[in-house]
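As they're listed, the protein sequences go chains A and B. 349 is the number that the numbering used here gives to position 349 of the first sequence; each next residue is one higher, with no gaps. 46 is the number that the numbering used here gives to position 46 of the second sequence; each next residue is one higher, with no gaps.
Keep in mind that the hints were calculated from the coordinates and are not lab data. Keep in mind the model is a prediction, meaning the values are calculated, not measured. Be aware that a few hints might be false.
Said to hold, decoys possible - Derived coverage of chain B by chain A (criterion: at least 3 residues anywhere in the stretch with Cβ under 8 angstroms from a Cβ of chain A; other residues may be distant):
#1 81-93
#2 110-122
As the list claims (entries may be wrong) - If you want the ones that stay clear, here's a sample from chain B, every Cβ over 10 angstroms from chain A, calculated:
#3 Phe-14
#4 Pro-69
#5 Glu-104
#6 Ser-128
#7 Ala-185
#8 Lys-186
#9 Lys-193
#10 Leu-195
Said to hold, decoys possible - Derived Cβ-Cβ restraints for the label pairs, each shown as a range:
#11 A/Lys-10 x B/Asp-88: 19 to 27 angstroms
#12 B/Asp-122 x A/Ala-270: 38 to 46 angstroms
#13 A/Met-18 x B/Asp-210: 25 to 33 angstroms
#14 A/Ile-316 x B/Lys-8: 33 to 41 angstroms
Here a beta-carbon is modelled for each residue, glycine too, at the ideal position from N, C-alpha and C.
Here is what each chain is made of, one letter per residue.
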Amino acid sequence: MKSKILTIMKKEFRRFFMDRRMIFALVLPGIMIYFMYSFVVPSVISSMINEDEKPALYAVNMPASMRADILALDAEFAELSESDAEKAKTEISESDKGILIVFPADFDSLVSAYDVSSGKPAPNVTVYYNSVSAASQALFSQITGLLDNYERSIANRFDINRDTEFDLATEEGLVGQIFSMIMPILLIMLLFTSCMSFAPDSIAGEKERGTLATMLVTPVKRHEIVIGKVIALSVIAVLGGVVSFLGTALALPKMIGFEEMSVNANVYSAADYTLLLTVIITTVLLMISAVSVISAYAKTTKEAASLISPLMIIVILIAVLPMITEGSDDLCIYFIPFYNSVRCMNAIFSFENEPLRILTADISNLVYSAVLVLLMSRMFKSEKIMFAK
Amino acid sequence: MEDSVIIKDLRKTFYLSKKQQRLEKTKEKRRIALSGLSFTARRGETFGLLGPNGAGKTTTLRIMSTLIPADSGTVNVEGLDVVKDSEDVRRKIGFLTSELKLEEQFTPNYIFDFFGRLYDLDEREISSRKSALFGKFGIDKYAEVKVGDLSSGMRQKVSLVMSIVHDPELIIFDEPTNGLDLIAAKVVTDYLKDLKSQGKTIILSTHIFDLAEKLCDRVGIIIEGRMELCDTLPAMIREKPLEEVFFDLYARTAREQI
């Protein structure tokens with residue numbers, strides 16, 4: 001029995017690795033993700049911020065106290081008279097660029113003479129900007145920041161956190177927080193995509209092409225065909241998923257600008273990775289089994305792809321759940337397929353894993369896969385499913 | 001002569017899908033494919049199942065090959081029950097239809113080894129059967145060419161060879177020349193004659209009278225899931241040609257006139 005499963009597995013691998021297009025489909029997503037996230041996305045973001053021309057910065061009644069700070073901003077500075085302010089406003093509105101600050105005349109003396117307890121309104125600075133332009137928007141936040149700081153400095157009563165390192169979070173904690181937020185959903189999506197791109201062709205495709213029936217007339221048992229295929233496809237899907245995952249993990253620090261902060265995945269131990277791998281393997285087995293059952297039911301590869309889409313949406317929704325809800329930590333939830341995988345990955349990435357919970361999830365995934373394999377073996381015996389036109 | 005296949009009171013009903021109902025413009029949900037079909041094929045003879053499309057020929061052959069279960073009735077192949085001993089039955093038979101295909105990206109050489117292993121042959125048996133069969137059919141020159149790149153005739157030869165990798169006693173053929181071009185069809189008929197000369201039992205379904213007259217020792221005519229007439233070919237065509245025998249019978253039995 002073992003040897004026949006092995007023969008079928010070998011055939012699946014051969015079919016896969018002999019086909020250059022298939023290998024391409026296996027590694028391409030990973031490479032694309034890497035290039036997209038590490039080069040394209042950051043350059044798009046920076047091009048949005050660094051527009052070629054410097055924005056114009058107009059000021060009316062510029063006070064001496066603020067002059068040095070404002071001149072230090074990265075903009076073309078010009079001082080205007082009050083009568084020119086309207087013209088500048090039109091320009092900012094039309095050109096989508098630039099910013100206008102209107103100080104009251106004699107701002108510095110007004111500020112020093114102002115008494116809060118008088119109850120009168122304080123001197124008012126007006127800043128006009130155009131939110132359509134990223135440069136204008138950025139300048140607006142810088143200027144309001146400068147003004148806020150200045151206001152605080154003239155009325156300073158006490159300081160907070162002066163000259164000390166106040167964020168006591170460790171690098172490990174930071175990495176854990178970021179990775180546990182992003183990685184589980186990414187992993188689930190990449191693994192599922194990987195399963196979706198290989199399983200339908202091997203099951204629905206073989207049925208469609210009539211090559212599965214050829215195998216069914218040999219003395220091989222139906223469950224041997226199913227097990228051989230499910231294992232081979234799972235290995236291929238794990239490979240595809242891991243390539244995509246590596247692409248993401250390598251590009252992620254570049255994308256979110258953590259490169260300088262030396263945030264990397266070295267903080268996880270070999271044991272963490274082993275646990276993660278068990279979760280990945282059992283999850284992929286379950287995904288492949290589910291996708292294969294649907295493919296066995298479908299008459300063509302195309303029909304299989306459209307029938308799998310709803311499952312994909314459900315799986316992704318389940319993967320997002322832990323991000324938006326706290327959820328209970330009852331052991332029972334580790335019996336819920338896919339949700340258990342996401343929770344386990346979450347726990348592993350945030351260093352809170354408990355082997356018992358991971359074991360529960362792994363075993364329940366294996367049991368569900370076995371049930372689906374049995375179901376598929378029965379389907380292989382059904383005339384309606386195997387031979388219907 | 002000993003019996004190779006004994007079929008008794010075979011019944012099979014299908015449920016039509018909505019799509020099938022639409023395609024066939026019918027509202028019936030159930031269709032009776034076989035209603036109490038019985039016949040016996042003897043060892044070493046070529047038995048032809050003749051009948052119009054939808055008479056139940058393919059269903060009968062699929063039940064015999066253990067691909068689908070019957071609702072009731074029994075099929076005994078070489079002393080084995082197709083339900084209880086399905087794997088052993090499959091070991092004894094070679095089943096071929098134009099619907100069974102080979103994966104195009106593999107070479108005949110690889111496919112032969114693959115099926116040899118599925119039939120539990122050891123490596124030595126595989127290699128000796130392979131060189132004998134490839135030599136006989138002229139496949140040896142194309143052993144390393146992908147099936148997808150072969151001509152239709154050669155592809156048909158490869159398919160035939162794969163169905164007898166394990167040297168079966170009983171060969172079942174469903175519409176052997178259906179959908180094949182002239183060259184591929186010739187390959188099939190020559191192959192059948194060759195098997196016949198080797199003394200193998202052959203059961204084939206066809207709606208081509210010429211093929212049945214050329215090859216069969218006995219013929220069974222199936223109409224609407226029932227065996228309406230079963231006799232030796234010489235007895236059947238004593239008075240008139242097979243084609244006339246068939247149409248007379250059909251006119252008498254079928255509900256609708258042609």
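Going through the earlier hints one by one, which of them does the structure break, listed in rising order? Of the numbered hints given earlier, those the structure breaks are 3, 4, 5, 13, 14, listed in rising order.
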